[in-house]
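A.B. asks: Next come the chains, spelled out residue by residue.
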Amino acid sequence: MKADLRKNLVLWLTLLALTIFFVAAASGMETKDWVITLLRTLSVGAVTFLVASGFSLIFGLLDVLNLAHGTLFMIGAYIGWSVYVRPDTFVDLLAPVLLLASGFTLSRLWNHLSKRIQMKGKAIRMLSWAGLLLSALILSYVLPRYPISIWDVGNYGQSPITYSFMANQGLSLLPPEVSFEAISPIVAALGLLLASLLAAFSLSLFRWGGQSAPNLRWQSFAGFAGVFGMGLMALFANDSLTAFLTGLDTTWLFLISLLVAALSGALLGGLMESTLIRPLYSRPIYQLMITLGLSAVGIEVVRTIWGRPEFVMPKPSLFNSTGAGCPATSLAGWAQNHCSIILLFDGRVRVYNEIFIPIVGFLVLITVWLLLQRSRLGMIIRAGVQDSEMVEALGINVRRTFTLVFALGVGLAALGGALAAPSMGLSTVMGESLMLNALIALAIGGLTSYPGAALGSLLVGLLQQFIIKYGVIGIHIPFTDIIFKPTPPLVPASTVMLMVIILLILPNGLLGKKE
Amino acid sequence: MNYLLDVQDIHTYIGQSYILQGVNLCVPKGTITALLGRNGAGKTTTLKSILGLTPPRQGKIAFEGQEIQGLPSFDIAALGIGYVPEHRSIFRDLSVEENLKIAERQKGDLESKKEMIFSLFPDLKRLITLSGANLSGGQQQMLAVARALVADNRLLLIDEPSEGLAPVIIQNMMTAIRKLSSESTVVLVEQNFLVASHLAEYYVIIEEGRSVKEGKMKDLVNDHETIHRYLGAT
Numbered sequence: 005m006k007a008d009l010r011k012n013l014v015l016w017l018t019l020l021a022l023t024i025f026f027v028a029a030a031s032g033m034e035t036k037d038w039v040i041t042l043l044r045t046l047s048v049g050a051v052t053f054l055v056a057s058g059f060s061l062i063f064g065l066l067d068v069l070n071l072a073h074g075t076l077f078m079i080g081a082y083i084g085w086s087v088y089v090r091p092d093t094f095v096d097l098l099a100p101v102l103l104l105a106s107g108f109t110l111s112r113l114w115n116h117l118s119k120r121i122q123m124k125g126k127a128i129r130m131l132s133w134a135g136l137l138l139s140a141l142i143l144s145y146v147l148p149r150y151p152i153s154i155w156d157v158g159n160y161g162q163s164p165i166t167y168s169f170m171a172n173q174g175l176s177l178l179p180p181e182v183s184f185e186a187i188s189p190i191v192a193a194l195g196l197l198l199a200s201l202l203a204a205f206s207l208s209l210f211r212w213g214g215q216s217a218p219n220l221r222w223q224s225f226a227g228f229a230g231v232f233g234m235g236l237m238a239l240f241a242n243d244s245l246t247a248f249l250t251g252l253d254t255t256w257l258f259l260i261s262l263l264v265a266a267l268s269g270a271l272l273g274g275l276m277e278s279t280l281i282r283p284l285y286s287r288p289i290y291q292l293m294i295t296l297g298l299s300a301v302g303i304e305v306v307r308t309i310w311g312r313p314e315f316v317m318p319k320p321s322l323f324n325s326t327g328a329g330c331p332a333t334s335l336a337g338w339a340q341n342h343c344s345i346i347l348l349f350d351g352r353v354r355v356y357n358e359i360f361i362p363i364v365g366f367l368v369l370i371t372v373w374l375l376l377q378r379s380r381l382g383m384i385i386r387a388g389v390q391d392s393e394m395v396e397a398l399g400i401n402v403r404r405t406f407t408l409v410f411a412l413g414v415g416l417a418a419l420g421g422a423l424a425a426p427s428m429g430l431s432t433v434m435g436e437s438l439m440l441n442a443l444i445a446l447a448i449g450g451l452t453s454y455p456g457a458a459l460g461s462l463l464v465g466l467l468q469q470f471i472i473k474y475g476v477i478g479i480h481i482p483f484t485d486i487i488f489k490p491t492p493p494l495v496p497a498s499t500v501m502l503m504v505i506i507l508l509i510l511p512n513g514l515l516g517k518k519e
Numbered sequence: 407m408n409y410l411l412d413v414q415d416i417h418t419y420i421g422q423s424y425i426l427q428g429v430n431l432c433v434p435k436g437t438i439t440a441l442l443g444r445n446g447a448g449k450t451t452t453l454k455s456i457l458g459l460t461p462p463r464q465g466k467i468a469f470e471g472q473e474i475q476g477l478p479s480f481d482i483a484a485l486g487i488g489y490v491p492e493h494r495s496i497f498r499d500l501s502v503e504e505n506l507k508i509a510e511r512q513k514g515d516l517e518s519k520k521e522m523i524f525s526l527f528p529d530l531k532r533l534i535t536l537s538g539a540n541l542s543g544g545q546q547q548m549l550a551v552a553r554a555l556v557a558d559n560r561l562l563l564i565d566e567p568s569e570g571l572a573p574v575i576i577q578n579m580m581t582a583i584r585k586l587s588s589e590s591t592v593v594l595v596e597q598n599f600l601v602a603s604h605l606a607e608y609y610v611i612i613e614e615g616r617s618v619k620e621g622k623m624k625d626l627v628n629d630h631e632t633i634h635r636y637l638g639a640t
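Top line first, the protein sequences correspond to chains A and B. Take the first sequence: its position 180, counted from the start at 1, is 184 in my numbering, and no numbers get skipped. Take the second sequence: its position 75, counted from the start at 1, is 481 in my numbering, and no numbers get skipped.
Just so you know, these hints were derived from the structure itself, not from any lab. Check the hints yourself; a few may be wrong.
Claimed, not checked - For lysine-lysine, the following DSS-like pairs were computed, each having C-alpha atoms within a straight-line distance of at most 30 Å:
#1 A:K119 to B:K513
#2 B:K507 to A:K517
#3 B:K531 to B:K513
#4 B:K466 to A:K126
#5 A:K517 to B:K531
#6 B:K585 to B:K622
#7 B:K435 to B:K520
#8 B:K622 to B:K435
#9 B:K520 to B:K585
#10 B:K435 to B:K585
#11 B:K622 to A:K124
#12 B:K466 to A:K119
#13 B:K585 to B:K519
#14 B:K519 to B:K507
#15 B:K520 to B:K466
#16 B:K435 to B:K619
Remember, predicted model here, so these are calculated numbers, not experimental data.
Generate the whole structure from the sequences, applying the supplied hints.
C.D. replies: Here it is, written out as structure tokens:
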């Protein structure tokens, strides 16, 4: 009890010292400077938090240090860009992805069927490899003939840079739709479905044995019907769906792209956990190596698909106007003209970067917090972070929760990427500095603490933004005439310093718990 | 004879160490069976092997006639086995109520068992909103046992319920365990022979990973030689 009190006292004193430090830093500035510094802090903090919170959820429950998290953030940004700038490509890809996923929604049926098979382990393994091979053969026939309209990295006129530039000019010059020629759409749909069913069944055979056969109910098929139906719809209503998306206001399109990026991230995370991470739970070093390797692979894949050069993503129309009445002087003025900039205390505030991003970040913070505190899944996560063996001993399938949490964490990172893309621009290395910031934020806030991730992200952002601002206006050193201007390398260095100081005082971070 | 739990010659490794080298354990329905033996003999590992937390490499485990060795732990537990681990493993970030609620296997389990749980452990009622981190050792132990009672468990595996508790609290705990054994079967690991001998009907002694002796507790109490030889105390 006494040690508890002492630890809390240290925590409060540390927080007090930090507050005094930042208030002192703010008091050395003019109002407009510190207001904008605070707003930028919220912006950087929100994006850092989206990466850090997912990372810490995964580490807390699964004990996996997902070093690919920064790369997944970057992939989220590229996916968001693709939906936003090239909705036709997105619609073209939707059908095959949904059809391929449909077979995997039938896991109950596969478990049920695999119980019925009376064969030796070796024969089963042969059967599953044969199924996978056949599935790959079908795919190798269907996919190259499947028409997908996509940009061309090798051709500057049709590269992502050009499409981004045109979209920024308000021009939406999408190339003509490609249509089914080499293969009939019905054959393509059936082929994809068959390949998916085969692959899902063969993969479930690998896990043969063990669990008791689940009962089949009509609910077991509801997910399949939904996914398969949507896939067919995307296939046959392709043109009207594309027309709908291209006709949409870019703000709505952007929100859709955020959603798609988050969902694709979650899907990617789920796949990654169930295929690559799950076999390695008992080998932490291999986990580190595989996530590090995946991070490098991910960067190369993105370079192949989207090209090496960096490009910008146009801001949605709600935040993009520079015409009459801009920059706005009040929120009402902004709402009327959709200006990209608001003047606040004579400072220029970029609405998207400094107001929209923090709002989304805050909404996600609250949503995930409610999920953790109020839902049964959240209860299982909080319990599992402490002792997943005990949760399992209560009869709860923790492994399934592991997959869900991995999907959630990666989904958050991908959402962060798509959200940050219009302000940061797209580059294959955009995840790296952010990942570093997120790790430092987690060390400061406490590695497995959700509020700690938020607090740490905020502190890291605050320190960096103050130093960046003071780099411009200079610090007047008292009793001398010297004006000290912090140089850019001091920005990352300062966060590491903060981390070192906090870890010396509180070895588990501000809100971390003793292991 | 028909046993609720029938463990036959299980062998368990933890990492490279050969911990259980042949344990047999038969638990008749509706009884309390005590696992006795010195520290490190393999009593806790036996419980964990039954639950599949440290799955045995060899041997058979049948629960209600169904073979359960090799199933994942959550499937084994869901068949109706409750577990109270050695160090209680109360979830610190969850409130007392959540600690109970998480053990539900069907919605409404807790509602229907609440009355029974509070009659066994009246103290829990006023602690219900407290966080698991703020409980004393005795309160944690009560909560750990209560947690195992929320779902419909026919078998309870209780590891060292008296460890680190004050004598008065041990008394309460014994009363509670005796009461709950009228509804479900209990396998008890207990260092404190006095406690074990008062609670259990049957015993199994484990020595260096093997079950070496079993029988009725009332015979063991008078068998000073066996007690001295395997338990090292009177």
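A.B. asks: If a hint holds in the structure, say so; if it doesn't, say that too.
C.D. replies: Hint check results:
{"no.": "1", "hint": "A:K119 to B:K513", "result": "holds (28 Å)"}
{"no.": "2", "hint": "B:K507 to A:K517", "result": "holds (23 Å)"}
{"no.": "3", "hint": "B:K531 to B:K513", "result": "holds (20 Å)"}
{"no.": "4", "hint": "B:K466 to A:K126", "result": "holds (23 Å)"}
{"no.": "5", "hint": "A:K517 to B:K531", "result": "holds (27 Å)"}
{"no.": "6", "hint": "B:K585 to B:K622", "result": "holds (20 Å)"}
{"no.": "7", "hint": "B:K435 to B:K520", "result": "holds (24 Å)"}
{"no.": "8", "hint": "B:K622 to B:K435", "result": "holds (15 Å)"}
{"no.": "9", "hint": "B:K520 to B:K585", "result": "holds (15 Å)"}
{"no.": "10", "hint": "B:K435 to B:K585", "result": "holds (15 Å)"}
{"no.": "11", "hint": "B:K622 to A:K124", "result": "violated (44 Å)"}
{"no.": "12", "hint": "B:K466 to A:K119", "result": "holds (21 Å)"}
{"no.": "13", "hint": "B:K585 to B:K519", "result": "holds (15 Å)"}
{"no.": "14", "hint": "B:K519 to B:K507", "result": "holds (11 Å)"}
{"no.": "15", "hint": "B:K520 to B:K466", "result": "violated (35 Å)"}
{"no.": "16", "hint": "B:K435 to B:K619", "result": "holds (20 Å)"}
The structure does not agree with the numbered hints 11 and 15 stated previously, though it agrees with the rest.
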